[in-house]
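Visitor: The lines below spell out each chain.
Protein chains: 2
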Amino acid sequence: MVVGIDIGGTTSKIGVVDQSGNISASAVVPTPESEDPAILIKEISRSLINLLPGGFDNTGIQAVGVGAPNASFFRGTISFAPNLNFAKNREVDFAGIFLEITGHKPVLTNDANAAAIGEKIFGGASEMDDFMVITVGTGLGSGIYVKGALLYGSDGLAGEVGHTVFQRDGRPCKCGKYGCIETYVSASGLVNTFRELSTNPPEVETPYDIYEIAQTGGEDAIRAFKLTGERLGIHLADMAAIFSPEAIFISGGLISAGEFLLEPAEKAFDANLMKHHKGKIPLRISELKNQQTAILGAAALGWDSIRKHEIR
Amino acid sequence: MVVGIDIGGTTSKIGVVDQSGNISASAVVPTPESEDPAILIKEISRSLINLLPGGFDNTGIQAVGVGAPNASFFRGTISFAPNLNFAKNREVDFAGIFLEITGHKPVLTNDANAAAIGEKIFGGASEMDDFMVITVGTGLGSGIYVKGALLYGSDGLAGEVGHTVFQRDGRPCKCGKYGCIETYVSASGLVNTFRELSTNPPEVETPYDIYEIAQTGGEDAIRAFKLTGERLGIHLADMAAIFSPEAIFISGGLISAGEFLLEPAEKAFDANLMKHHKGKIPLRISELKNQQTAILGAAALGWDSIRKHEIR
Numbered sequence: 001m002v003v004g005i006d007i008g009g010t011t012s013k014i015g016v017v018d019q020s021g022n023i024s025a026s027a028v029v030p031t032p033e034s035e036d037p038a039i040l041i042k043e044i045s046r047s048l049i050n051l052l053p054g055g056f057d058n059t060g061i062q063a064v065g066v067g068a069p070n071a072s073f074f075r076g077t078i079s080f081a082p083n084l085n086f087a088k089n090r091e092v093d094f095a096g097i098f099l100e101i102t103g104h105k106p107v108l109t110n111d112a113n114a115a116a117i118g119e120k121i122f123g124g125a126s127e128m129d130d131f132m133v134i135t136v137g138t139g140l141g142s143g144i145y146v147k148g149a150l151l152y153g154s155d156g157l158a159g160e161v162g163h164t165v166f167q168r169d170g171r172p173c174k175c176g177k178y179g180c181i182e183t184y185v186s187a188s189g190l191v192n193t194f195r196e197l198s199t200n201p202p203e204v205e206t207p208y209d210i211y212e213i214a215q216t217g218g219e220d221a222i223r224a225f226k227l228t229g230e231r232l233g234i235h236l237a238d239m240a241a242i243f244s245p246e247a248i249f250i251s252g253g254l255i256s257a258g259e260f261l262l263e264p265a266e267k268a269f270d271a272n273l274m275k276h277h278k279g280k281i282p283l284r285i286s287e288l289k290n291q292q293t294a295i296l297g298a299a300a301l302g303w304d305s306i307r308k309h310e311i312r
Numbered sequence: 001m002v003v004g005i006d007i008g009g010t011t012s013k014i015g016v017v018d019q020s021g022n023i024s025a026s027a028v029v030p031t032p033e034s035e036d037p038a039i040l041i042k043e044i045s046r047s048l049i050n051l052l053p054g055g056f057d058n059t060g061i062q063a064v065g066v067g068a069p070n071a072s073f074f075r076g077t078i079s080f081a082p083n084l085n086f087a088k089n090r091e092v093d094f095a096g097i098f099l100e101i102t103g104h105k106p107v108l109t110n111d112a113n114a115a116a117i118g119e120k121i122f123g124g125a126s127e128m129d130d131f132m133v134i135t136v137g138t139g140l141g142s143g144i145y146v147k148g149a150l151l152y153g154s155d156g157l158a159g160e161v162g163h164t165v166f167q168r169d170g171r172p173c174k175c176g177k178y179g180c181i182e183t184y185v186s187a188s189g190l191v192n193t194f195r196e197l198s199t200n201p202p203e204v205e206t207p208y209d210i211y212e213i214a215q216t217g218g219e220d221a222i223r224a225f226k227l228t229g230e231r232l233g234i235h236l237a238d239m240a241a242i243f244s245p246e247a248i249f250i251s252g253g254l255i256s257a258g259e260f261l262l263e264p265a266e267k268a269f270d271a272n273l274m275k276h277h278k279g280k281i282p283l284r285i286s287e288l289k290n291q292q293t294a295i296l297g298a299a300a301l302g303w304d305s306i307r308k309h310e311i312r
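Protein chains in written order, with the working numbering: chain A, 1 to 312; chain B, 1 to 312.
Please note that the accuracy of each hint is not assured.
For identical chains, the list gives no copy identity; a pair is met inside one copy or between any two copies.
EDC-like, lysine to aspartate or glutamate: derived pairs with alpha carbons at most 20 Å apart [as the list claims (entries may be wrong)]:
#1 Lys147 / Asp129
#2 Lys267 / Asp169
#3 Lys280 / Glu91
#4 Lys308 / Glu263
#5 Lys280 / Asp220
#6 Lys42 / Glu266
#7 Lys278 / Glu33
#8 Lys226 / Asp169
#9 Lys275 / Glu212
#10 Lys308 / Glu212
#11 Lys275 / Glu91
#12 Lys267 / Glu100
#13 Lys147 / Glu203
#14 Lys226 / Glu263
#15 Lys105 / Glu263
#16 Lys280 / Asp155
#17 Lys226 / Glu35
#18 Lys105 / Glu43
Think of the hints as simulated: they come from the structure by calculation, not from any bench.
Predicted model only: the values in this text are computed from it and were never measured.
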């Protein structure tokens, strides 16, 4: 068995997962607002003792995988993560502190990479060596497989597709640039698009509010999803030209909107593919259940580290 | 020794190259306008007999590398290459026909990939595993190394950075899309930018015409180079966010413009890097001599195929 942990801004999720992706036990703890990472890790540790009454050592736990924003696989750190108080303004040696408190050294990676490993080990990409997973939620993240391995680049920080420009001199992005695809295709991007399109916009705060309006036939809401899907599809066609993947999977909260988003995304994607790719690269929905992606991705990272260790 | 062959629209270049990148003999043949690829290959074969008086077999030639537009490393083919009559409207089994005529099976890849292999084997990237080479000439090509190997994707056609969008709904591109970076950063892109900037533009046909005007202090010409360099730098910063390379090398005809192009490119590149990359990823000039890049790249492909064969 492997422990998968997803560190989020408001809650952190913990699961015990077997090799087939079955979650035998799980828990959710609130992510403390403290700036001390040890508080969260002790919370997780306590929760794990409840999930694994024998403790780590007597229950056959072989690895711990952690998915977190701005986590570095190479360094085991979480750094400058705006939504995590304990790592907001610095680099935190999460793996080291976790080892000290629990006796187990975890493997870390960012949430989008974890989603990609999850798709490879438990999802629709098990037979693929070259594919991409795009997570669309609070932000737009990407995990990219090249020749059977995650693309980390020279420093472990590759894959920031969310901060490549969709619209030159477009919306301001929190990264400091303008027009990044994340400012259009994300929860806040969708909300902003809806507000732009509506002449007299009703109070909306989240994609779900817009989804409810779309379901009752609200035209501005439907158009906001359509435009967001088209922008996603157009941008991913550029990524297909760069990577020639076997498929691109979409994951994350926004895909709950279903065909409001996905049909326009698929159409725009195929229309913007290069000639030699047309009709050949499918845009697919992640095969992991949305609520389980984070835990399964983190657990898959754990399984992946065991396999590589065995090969070595 | 290895033979490196570069197939171009007007001329094809042939060189005999040793392991250190010394070209001991070379020749240039006009690329025939015929639609029959055998005509060109027989021409190359004749030329090689002059360069290697003993013929292929008695001169220790260990491999033949070919760089050509739209060449597929996986399939040994050249397909739908607009500037090559023999492969304009179809896929040609170049490796097969070459083998039939000469008795040697060549290794093929596209020119930008060849430039990247050349940079790895003979140039400034010998110690790097993750880097990019961008060739700026007639078009904008890219060869991308990931973990010590060229990025080919699932079909051998990855790396089409030239056809990713720089300016949404911008200039029409021959690929069918609008605003591709190649329509701004390439020989014709520069000429078009110069014509846009000049209120009363003099007759210019090539980048060299504009370079001559810039050298005499022509402001529109200097601005055209500056804008082209800035666009290149801005776009490559997006590529750095995706790939986290150790360095990006620029190659191809346009770099002859020197600081007119390169200084604005470097400035814009660094200004648009993500925070964690600022100051860490150099934008460098290829260390291969411009006139030799094509032959050295093709020859490096040959050497690379021998090394991989030896490892196997």
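Visitor: Can you tell me if Lys280 and Asp155 fall within 20 Å by alpha carbon in one copy, between copies, both or neither?
Guide: between (32 Å within a copy, 10 Å between copies)
Visitor: Checking an output row: Lys275 and Glu91, CA cutoff 20 Å. Within, between, both or neither?
Guide: Between copies only: 14 Å across, 44 Å inside.
Visitor: Please sort Lys267 with Asp169 into within, between, both or neither, judging by C-alpha distance up to 20 Å.
Guide: between (26 Å within a copy, 18 Å between copies)
Visitor: Which holds for Lys308 with Glu263 at a C-alpha limit of 20 Å: within a copy, between copies, both or neither?
Guide: For Lys308 and Glu263, the Cα distance exceeds 20 Å both inside one copy (38 Å) and across copies (44 Å).
Visitor: One pair to classify: Lys275 and Glu212, alpha carbons no more than 20 Å apart. Within, between, both, or neither?
Guide: Answer is neither: 38 Å inside a copy and 38 Å across each miss the 20 Å cutoff.
Visitor: With 20 Å as the alpha-carbon cut-off, assign the pair Lys226 and Asp169 to within, between, both or neither.
Guide: between (22 Å within a copy, 18 Å between copies)
Visitor: Check Lys226 against Glu35 for me: Cα-Cα at most 20 Å, and say if that holds within a copy, between copies, both or neither.
Guide: This pair counts as neither: shortest intra-copy Cα distance 40 Å, inter-copy 46 Å.
Visitor: Is the C-alpha distance from Lys105 to Glu263 at most 20 Å within one copy, between copies, in both cases, or in neither?
Guide: neither (43 Å within a copy, 46 Å between copies)
Visitor: Between Lys267 and Glu100, at a C-alpha cutoff of 20 Å, which is it: within one copy, between copies, both, or neither?
Guide: Neither, since 51 Å and 44 Å both go past 20 Å.
Visitor: If the cut is 20 Å between Cα atoms, do Lys226 and Glu263 qualify within a copy, between copies, both or neither?
Guide: Classified as within: same-chain Cα gap 8 Å, cross-chain 41 Å, threshold 20 Å.
Visitor: My question is about Lys147 and Asp129: at a cut-off of 20 Å on alpha-carbon distance, are they close within one copy, between copies, both, or neither?
Guide: both (5 Å within a copy, 15 Å between copies)
Visitor: Checking an output row: Lys42 and Glu266, CA cutoff 20 Å. Within, between, both or neither?
Guide: Neither: 44 Å inside a copy, 47 Å across copies.
Of the numbered hints given earlier, the model fails hints 4, 5, 6, 7, 9, 10, 12, 13, 15 and 17; all others are met.
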